[in-house]
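In numbering that gives the first Met the number 0, the protein residues as written are 0 to 302.
Since the hints were made in silico from the structure, they are not lab data.
Careful: at least some of the hints might be erroneous.
As the list claims (entries may be wrong) - Cβ pair distances, simulated, as ranges:
#	residue 1	residue 2	range
1	Arg48	Gly240	44 to 52 Å
2	Gly106	Pro281	12 to 20 Å
3	Leu242	Arg124	29 to 37 Å
4	Gly240	Asn46	42 to 50 Å
5	His254	Ala220	50 to 58 Å
6	Gln67	Gly106	21 to 29 Å
7	Glu247	Ala128	44 to 52 Å
8	Thr86	Glu29	34 to 42 Å
9	Glu29	Arg257	27 to 35 Å
10	Glu29	Pro136	28 to 36 Å
11	Asn153	Cys93	45 to 53 Å
12	Gly176	Pro69	21 to 29 Å
13	Ala121	Leu166	30 to 38 Å
14	Glu157	Cys93	44 to 52 Å
Stated by the list, open to error - Under the rule of at most 30 Å between Cα atoms (straight-line distance), these lysine-lysine pairs were calculated in the BS3-like manner:
#	residue 1	residue 2
15	Lys246	Lys107
16	Lys22	Lys173
17	Lys82	Lys22
18	Lys213	Lys107
19	Lys82	Lys107
20	Lys173	Lys188
21	Lys107	Lys188
22	Lys213	Lys22
23	Lys107	Lys173
24	Lys173	Lys163
25	Lys246	Lys163
Positions of the beta carbon are idealized from the N, C-alpha and C atoms, including for glycine.
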Amino acid sequence: MVHRRRPRPSFFAPSGQSSRYYKHVLIQHELSTEVHAGRLYLAPVTNPRRVLDVGTGTGDWALQFARQNPASSVLGVDVVPVKSAPTEPNCSFCVGDVEEDWQFASGKFDYIYARSLARKFADTRSYLASVYSNLHPGGFAEFQEWITELRCPNSSLEGTALQKWNLGMLQAFKRIGQELDFIHGYPSKLAEAGFVNITERRYPVPVTCWAPGKRLQRIGALMRQNTAVVLEMYSETLFIGVLGWTKEELHTLMHNVRNDLLNNNIHCFAILMTVYCQRPMPLNSSSTKFPVSGTPVSASKAR
């Protein structure tokens, strides 16, 4: 497991303790909640006794879940210590790596949540098998990641600095062996791991404030902030360190990207994808498929 919203530090300059990184984490948390119409999660869990937040980062999700579910015991795990102490009596944090072992677990969970881990696991099947084995039968797991290649309903993104930067980021990630859109493959891998009731939701999220309506305007403003922070955090390492750009080339591109982020005539969006699933009950029990309540950002199904 890696720190939520922070890929391997050997390729990325920002420290998990930097103020810019924490700003990014907080925006991501607010974005996710806003996109999901105020909901912290989509899986139809009811009164889970033990909850695990994988890659807890700043611990905001774990603390909010604990506050909303006082009967639940919530554990946030990450590879580095959480900066702040838990403020809810039913929430705790620990250091652990779900890619290596689950000794921190001390028993099975009723619900496991993982959001914005930001990189593909070295062995995804092994990771999902660990999630499965650490769930009680009938328990749910939920995964949420960004599909980061920008989409556009018209030609307004074509030839822009924003598109050039986005495609350059994806190229750099691929060159270092990472695929940011790895969640595409989760539904089939979850089925292979033995999960049932696999449900997928995709939410088109505007990158700036071009979409109509107050809610989409709020989401667009948050996404603009998020993109601007990512631009500052990762561009130098990826474009200069991986792609071999000069500083002058990168600074010119970043200047033009900042201008594009203020241009509401560029109608682009990213996809936030959530997948949840259930460990089946024993054969002598019944397992029911549950519907998801809540309204996507757009009624259209983005692919």
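Do the hints match the structure? See the list:
Checked against the hint of 44 to 52 Å, the pair Arg48 and Gly240 passes, with Cβ atoms roughly 45 Å apart. Look at Gly106 against Pro281: about 18 Å separates their beta carbons, and that is inside 12 to 20 Å. Separated by about 31 Å at the C-beta atoms, Leu242 and Arg124 satisfy the suggested range of 29 to 37 Å. Separated by about 48 Å at the C-beta atoms, Gly240 and Asn46 satisfy the suggested range of 42 to 50 Å.
For His254 and Ala220, the Cβ-Cβ distance of about 21 Å falls outside the hinted range of 50 to 58 Å, so the restraint is violated. The given range of 21 to 29 Å is respected by Gln67 and Gly106, whose C-beta atoms sit roughly 22 Å from each other. Separated by about 48 Å at the C-beta atoms, Glu247 and Ala128 satisfy the suggested range of 44 to 52 Å. Between Thr86 and Glu29 the beta carbon distance is about 18 Å. The supplied range of 34 to 42 Å is therefore violated.
One distance hint, 27 to 35 Å for the beta-carbon pair Glu29 and Arg257, is violated here, with the actual separation near 21 Å. Between Glu29 and Pro136 the beta carbons are some 34 Å apart, a value that agrees with the proposed interval 28 to 36 Å. For Asn153 and Cys93, the Cβ-Cβ distance of about 48 Å falls inside the hinted range of 45 to 53 Å, so the restraint holds. Checking the proposed 21 to 29 Å range against Gly176 and Pro69 shows it is violated: the Cβ atoms sit about 43 Å from each other.
Checking the proposed 30 to 38 Å range against Ala121 and Leu166 shows it is violated: the Cβ atoms sit about 25 Å from each other. For the hinted restraint 44 to 52 Å between Glu157 and Cys93, the CB-CB distance of approximately 47 Å keeps it satisfied. With a CA separation close to 50 Å, the supplied pair Lys246 and Lys107 exceeds the 30 Å bound. Between the alpha carbons of Lys22 and Lys173 the distance comes to roughly 26 Å, so the proposed pair stays at or under 30 Å and holds.
The hinted pair formed by Lys82 and Lys22 meets the criterion: a straight-line CA distance of about 13 Å does not exceed 30 Å. Our distance criterion of 30 Å between C-alpha atoms is broken by Lys213 and Lys107, whose separation comes to about 42 Å. Distance check on the hinted pair: Lys82 and Lys107 sit about 26 Å apart at the alpha-carbon level, within 30 Å; holds. A distance of roughly 21 Å separates the Cα atoms of Lys173 and Lys188; the hinted pair therefore holds under the 30 Å criterion.
A C-alpha spacing of about 21 Å is found between Lys107 and Lys188, which places the hinted pair at or below 30 Å, so the restraint holds. A C-alpha spacing of about 23 Å is found between Lys213 and Lys22, which places the hinted pair at or below 30 Å, so the restraint holds. With a C-alpha separation of about 35 Å, the suggested pair Lys107 and Lys173 falls outside the 30 Å cut-off, and the hint is violated. A distance of roughly 15 Å separates the Cα atoms of Lys173 and Lys163; the hinted pair therefore holds under the 30 Å criterion.
Between Lys246 and Lys163 the alpha-carbon distance is near 16 Å, which keeps this suggested pair within the 30 Å criterion.
Of the numbered hints given earlier, the model fails hints 5, 8, 9, 12, 13, 15, 18, 23; all others are met.
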